[in-house]
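S.K.: For reference, the chains in residue letters:
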Amino acid sequence: MFRWILGGREAQGSVEKSPVLCIGEEQPKNWFTELQVLKGHFDIVRFLVQIDDFRCASAGDDGLVLVWNVETGERLQELRGHSQQITAMTTFTCNNGALPHTSLITASSDKSLSLWDPDTGNRVQTISDLQSSVKCLLVLERLCVWVSGGEELCVWSKDFQLQCQRQNHSDTGVTALIELPKNCIAAAMDKVIVIYRLTVSTDSSLSMSEIRCLSDHQDQVRALININDGLFASGSHAGELILWDAVDWNILAYEHILWEESQTPSPQTEIRIGAPKPSEMSIQHLTTNGKLILAAVGSGLYVYSVQTKTVVAYRKVAHDSNVLHTMLLSDSELMSCSEDGSVRMWEIQDLPLPAEPTSPGFFGMWTFGRSNKQSGPPSKKPADVPHVRTLELTGDLIGHSGAVQMFVSFKENGLVTCSTDHLLILWKNGERQSHLRSLALFQKLEENGGL
Amino acid sequence: MIGSPDLVAFTKEDEYGHTNPDPWAVPEEFSVPLHPLVDLNPWAKTSYAKFTKDFILISEFSEQVGPQPLLTIPDDPKVCGSFDLNYFSLRIMSVDYQASFVGHPPGSGYPRLSFVEDSRVVLGDSKEGAFAYVHHLTLYDLEARGFVRPFCMAYVSADERKIMLQFEELSFRFSQASECLKAGNRRAFAKELQRKLRDLEYTHSVLQKEEGLQREARPQTMYSAHAVEKANELANVEKSIYEHRDLLRQISSYHQRPRRDPNAVTCQTCLNECLSECEQLLDKFAKIASPFTHSEDSGEDGRSQPDGEEEVDGEEEEGVRRRPSYTPQLIKAKSAKCFDKRLKTLQELCDDVFYEATVELLKDTERSFRGDLCYLHTRRLDRALRRKQQVTNFLFEEDLGEDEESEFGALRPVCAVNHVRANCTILNPPPVVLQLDPPEPDSDTIQTQQSECHLDSADSDHTVETQETTERYRRGQSGAGPVDRKQDQGGTTSETPDHDLTPDPVLTPDLERESSSEDLETTAGEDEGDSVGDQTPVSLLEVESELMTRREDESEGRPDGTFDMDSDLLIPIDTTCCLSQEGFLYDDSTPLVPPFMDQSSDPQSCETLVVKQEPQALLPLQDQYSVSSPGSGSPAAGLDLPVLAFGDSDSRTSVEEGSDCTLSASTGSERAPSPLGYGGMVTLHQRKKAGQGSLRFVRQYPFAVQALWCLMSGRTLVVLGTDEGRVRRLVSALALFVPGPGKCAEKVQSWLSVPFTLTDLQRWKLIGLQRMASPVGSSMLYSLSRYSRYISILDADQKTLRCPPYCGQLLANMATHRTYIRRGSTYFLHLQSTLCRLAAKAFLFTFTHHLHLPVSSTEAPEVVEGRRHCFLQEQLGLGEDDSLILLYLSQLITQQYLQPTTGGSAASTCFSLKYTTSVLYKI
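Same order as they appear, the protein sequences are chains A and B.
Under full-length UniProt numbering, the first residue of the first sequence is numbered 1, with each subsequent residue one higher.
Under full-length UniProt numbering, the first residue of the second sequence is numbered 1, with each subsequent residue one higher.
Just so you know, the hints here were simulated from the structure itself, not pulled from any lab data.
Any given hint could be a false lead.
[Said to hold, decoys possible] Only pairs whose alpha carbons sit at most 27 Å apart, straight line, appear in this in silico BS3-like list of lysine-lysine:
| hint | chain 1 | residue 1 | chain 2 | residue 2 |
| --- | --- | --- | --- | --- |
| 1 | B | K841 | B | K388 |
| 2 | A | K444 | B | K743 |
| 3 | B | K743 | A | K39 |
[Said to hold, decoys possible] So the derived list for chain A, only partly shown, Cβ under 8 Å to chain B, looks like this:
| hint | residue |
| --- | --- |
| 4 | E26 |
| 5 | K39 |
| 6 | G399 |
| 7 | S401 |
| 8 | R437 |
| 9 | K444 |
[Claimed, not checked] Chain A stretches covered by chain B per the calculated footprint, using a threshold of three residues with CB under 8 Å from any CB of chain B:
| hint | segment |
| --- | --- |
| 10 | 29 to 35 |
| 11 | 426 to 436 |
A virtual CB, placed ideally from N, CA and C, is assigned to each residue, including glycine.
Work out the full structure: start from the sequences and follow the hints.
M.R.: Here is the structure:
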């Protein structure tokens with residue numbers, strides 16, 4: 001497309017690497033027509049957390065936590081205190097007052113945990129002499145405690161008192177934590193998922209006991225999410241997606257996503273021969289809205305229906321590089337960001353014509369059974385199932401020059417993306433913004449009593 | 001009365017067949033003459049004058065050699081060419097009917113200083129082709145005949161109408177200069193008097209000593225002829241002392257005269273300084289003679305109390321700091337007022353400071369009147385209009401603030417001697433009344449005389465005598481002992497500084513009132529016969545209260561934007577002339593209004609501009625008007641001539657930047673492309689130069705209209721090229737089209753050689769990018785392709801443009817490559833007007849309520865949307881693409897209005913984009 005600039009020689013390959021996905025510049029469904037670059041970080045920005053309707057916090061490798069006003073793009077607070085990169089961040093809402101007050105908990109590689117007040121920028125609490133750095137945080141609002149996971153699993157009260165602690169034996173430590181019914185929590189540790197139960201004794205002290213160890217994954221568990229009250233899902237590095245019963249921890253569905261090469265004569269066929277590399281099948285991220293599960297598998301996207309336990313839509317090459325974060329905007333719209341620096345918006349569409357060649361992927365699908373998952377001939381369900389639909393690219397947001405690590409949507413107020421290029425970008429609906437500005441203008445005009 | 005046949009009455013407009021022009025009609029200057037004059041060049045109608053451009057001439061009527069020119073501004077012999085300054089000085093001095101009253105009025109014992117108001121005359125010399133606004137003023141010189149030296153300042157122009165129509169402003173500016181000169185002169189005069197008094201005092205003491213010796217030598221009451229002669233001499237000296245003391249008193253009472261001059265602007269600081277100085281002197285020398293002569297007098301006068309102390313104090317002061325080096329000289333009985341004596345120069349007559357300030361003022365005046373009437377008028381209109389649309393000015397107009405100061409700064413009551421402007425007041429609310437009224441020219445003068453006579457009668461000899469007696473009386477009572485006097489000293493010295501330290505009467509009126517009312521109380525009993533003006537403290541009060549009331553008057557008159565008309569001074573003919581005046585310069589009063597509103601806003605504007613380079617001759621430029629050189633490489637555009645005023649500010653900024661100051665605005669020479677985006681202010685001059693470049697661009701590239709559309713709809717345009725010069729030229733040419741480029745063209749980056757990022761796109765709307773064949777180059781190209789949806793790319797090397805397709809009509813008349821415009825500055829003006837119209841549309845669009853918000857609560861947003869669409873499409877006649885321009889401009893206006901301070905900064909600006917495909921345009 002830029003051959004005329006390049007003189008038709010160099011960088012041509014990179015441009016044409018994914019011709020299928022080049023949506024071009026005509027994007028009528030893309031309503032992000034205004035952007036604002038938020039500068040403030042000095043290193044990779046990895047985490048974004050929504051504080052309330054108009055604020056979000058960003059944190060990254062520079063140890064800084066910045067609080068932003070999404071409406072104006074203004075930097076509200078700068079939370080300094082961590083000396084090394086932030087490894088986890090979450091919000092902590094306390095309901096003890098008249099109004100719920102939201103605080104921020106951050107964990108850093110400097111083996112400290114901090115509680116911040118985003119209104120004032122104060123560091124309310126801090127614990128600095130941890131044995132290891134914390135990799136994930138989970139707030140159990142019901143119990144008014146929070147859990148930190150790393151090499152050990154610790155439970156903390158809201159005023160930062162250690163309630164109980166469990167040493168782990170795996171090398172990797174806890175990589176993901178979710179809350180399960182009946183005061184249980186699930187912790188992903190390497191290839192297993194361990195279920196712990198928290199019990200509150202009569203003297204209101206907490207204790208934690210390991211109940212079950214689910215070791216059905218063949219590879220490292222990369223993602224762990226709650227789907228609804230009765231279900232949770234996990235995804236592994238090898239592309240296994242398992243649906244679990246949240247109460248009795250049984251496998252409800254097992255999906256091994258194997259990207260098989262397509263039959264369509266596309267340029268990739270020559271490039272990809274043989275078994276896919278594990279990283280291409282790795283489930284990086286899972287997200288759900290209760291009905292659908294969206295899995296980021298390598299550089300592709302995979303939509304799975306919880307009800308029918310079938311695949312709804314998928315796209316093997318959704319991005320040029322690994323997908324890092326995904327989100328389901330609605331039942332048919334989703335969004336993904338990737339290491340290639342772009343955010344893409346997708347729509348699940350029915351196949352326009354049945355006569356069109358069916359979608360070319362192959363994947364195995366087993367229900368309640370996994371013994372023969374590698375050997376058995378893959379059933380061609382997608383071809384048979386009439387309601388498999390396609391994932392159509394409706395728009396992309398190009399702005400970052402590095403990998404887009406994460407994004408947070410503020411609904412109609414916009415979208416915040418963070419990236420390795422140290423920037424945050426606020427994407428907004430230009431029309432809405434201009435309407436808001438007009439409102440402000442006439443308001444000011446009225447206040448000033450004319451021009 | 002007026003001897004000159006060529007003297008042009010200012011009010012003769014309609015007698016020449018003109019009616020009052022309709023303010024809405026096209027000014028006559030713009031209409032094309034049906035039958036051109038002999039000269040085909042419409043601008044050259046003044047070319048028969050012997051001088052090339054307007055200048056200011058200062059002449060004096062020397063009592064020794066008659067009228068003589070003193071200096072011209074600009075001080076360059078080339079300016080007046082073969083024009084006979086001597087002859088013209090004679091002409092202008094001969095119409096001086098200001099100094100009609102000089103010397104001793106009958107019946108008064110002492111020589112009187114004549115307080116003469118300045119007079120203003122317009123005269124013409126058709127033979128010489130010269131017309132002049134002549135401003136006569138009188139300065140005081142102790143050695144001159146009648147103590148006055150008549151001077152005049154004249155604005156000489158070849159264009160009569162220019163003077164007539166600018167009369168008001170000329171009058172204002174020259175009055176300012178005149179006031180400045182006179183203020184300095186009064187100080188100098190007081191100093192001179194002081195010196196003279198010291199001499200006299202010394203002479204007196206010497207004579208007295210001699211007399212005493214004689215008396216001792218011959219105690220018997222026999223007077224020799226010699227003794228008689230000595231006694232006469234002594235008496236003469238005493239008389240002279242009285243005379244000079246009286247002069248001193250007169251000069252210090254100068255300020256309380258009612259001023260009829262509408263433009264009399266006085267700096268309160270200067271006034272107070274001068275006043276207190278005079279006061280000190282007056283105090284000091286009030287009773288020089290008394291100790292020697294009479295010490296047994298009776299009669300107490302509390303009022304003179306301070307004076308006595310002041311004497312001792314003053315003398316000490318004198319010895320210590322005032323004039324340590326000055327030794328009094330004996331004065332011969334007859335001072336030589338002869339022709340062999342060298343008269344003081346103008347500079348000596350005024351304080352150096354004041355003289356310099358005046359010259360600066362006049363230089364400024366000369367500068368602001370450069371260019372022909374048409375240009376002045378257009379500029380004025382332009383400014384008036386622009387001041388009215390401050391909301392949209394940031395879009396395409398250059399910053400007005402700077403120019404505004406240089407243009408109208410002088411019209412504010414600014415003290416030329418760099419005092420804070422807040423101290424300056426217009427003594428009289430300037431009524432639109434001219435001092436000159438040819439039909440009955442006497443009336444004013446008579447009035448003057450009357451008022452002066454009134455003054456004279458007030459301070460008659462009697463006054464002084466009473467003063468004397470009271471002094472003596474006081475002295476007697478206080479015991480005439482120096483010790484006693486010193487005891488009181490503390491009180492009085494503390495009082496005197498009060499006057500010095502309180503320059504602004506508004507700030508400390510109570511203090512002043514206290515001190516002076518004290519004086520009033522002590523003197524209340526006995527000074528019925530005295531004129532109020534005799535008492536300096538009282539006079540101070542007077543002046544200030546007068547000032548206060550004046551101020552009140554002004555503030556009353558201000559809200560409606562007009563000034564009080566002094567109805568008693570308003571003569572019917574004047575009103576007609578005022579009307580005609582207003583018809584043409586209807587915004588003339590506006591420059592007079594702002595000073596009150598932003599008096600304190602910017603004290604820096606007190607600084608007057610300095611002419612850094614020689615002004616250019618007019619003639620070569622006139623040639624350019626007649627001979628058109630189409631598409632010539634040199635942007636020495638014809639209309640460059642009027643840019644002078646801006647050119648100076650241009651050069652000033654260039655001096656600030658440390659670059660060469662040889663840049664002359666009017667040379668129009670080839671110069672490197674203007675340094676846009678270098679952080680300096682983008683001046684009008686640079687923009688005009690860029691006009692040439694943009695004209696070339698428009699004529700050269702058929703896709704210019706698309707490029708302009710990109711810029712004006714907010715899409716960043718990247719000019720890609722290997723040759724830095726070419727890219728920079730293109731950028732500076734295109735920068736004209738960047739809406740709201742910022743004061744220093746912050747939105748333009750003329751040369752970038754590193755890959756740009758999204759942040760840069762947010763900051764810059766026009767980027768010159770270096771094409772490189774290195775790894776850096778490839779990463780740059782990568783960023784180009786990556787952000788291709790946000791940018792348009794103009795390839796300067798291959799002459800291609802990649803941008804979304806545009807098929808609107810709005811920019812067609814701006815960017816047609818078949819344009820008939822051949823000159824850059826013409827094109828620039830064309831652009832300006834088009835862009836201005838566009839900005840006006842955007843303003844209308846932005847601030848029309850129902851286009852953005854629902855009229856009623858039930859209205860759906862789609863309805864508003866539809867209305868907006870309809871407005872753009874049908875009322876403004878804009879297509880889809882053209883609407884984008886307006887929407888972008890409107891967005892900028894909104895942003896600017898909502899946050900005027902951060903509007904230009906990149907911190908919180910948003911960046912709108914549109915997802916459309918681009919196409920490639922080729923030549």
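S.K.: A separate judgement is required for each hint: does it hold in the structure or not?
M.R.: Hints, verified against the model:
Taking the CA atoms of K841 of chain B and K388 of chain B, the gap is about 15 Å. The hint holds against a cut of 27 Å. Taken as a hint, the K444 of chain A and K743 of chain B pair is honoured in the structure, with Cα atoms around 24 Å apart against an allowance of 27 Å. Proximity of K743 of chain B to K39 of chain A is assessed by CA-CA distance (about 24 Å); at most 27 Å being required, the pair is judged to hold. The interface hint given for E26 of chain A is met, as the beta carbon of that residue sits about 5 Å from the closest beta carbon of chain B, less than 8 Å.
Given the 8 Å rule on beta carbons, the hint for K39 of chain A holds: about 7 Å separates it from the nearest Cβ of chain B. Here the hint on G399 of chain A is kept, as its CB sits about 5 Å from the closest CB of chain B, short of 8 Å. With its C-beta approaching chain B no nearer than about 6 Å, S401 of chain A sits inside the 8 Å limit, and its interface hint holds. At its closest, the beta carbon of R437 of chain A sits 5 Å from a beta carbon of chain B; the interface hint therefore holds under the 8 Å criterion.
The interface hint given for K444 of chain A is met, as the beta carbon of that residue sits about 6 Å from the closest beta carbon of chain B, less than 8 Å. With a threshold of 8 Å between beta carbons, the proposed coverage of the segment 29 to 35 of chain A by chain B holds, since 4 of its residues qualify and at least three are required. With 5 residues having a beta carbon nearer than 8 Å to a beta carbon of chain B, the segment 426 to 436 of chain A meets the requirement of three or more and the stated coverage holds.
The structure is consistent with each of the numbered hints, conforming to all of them.
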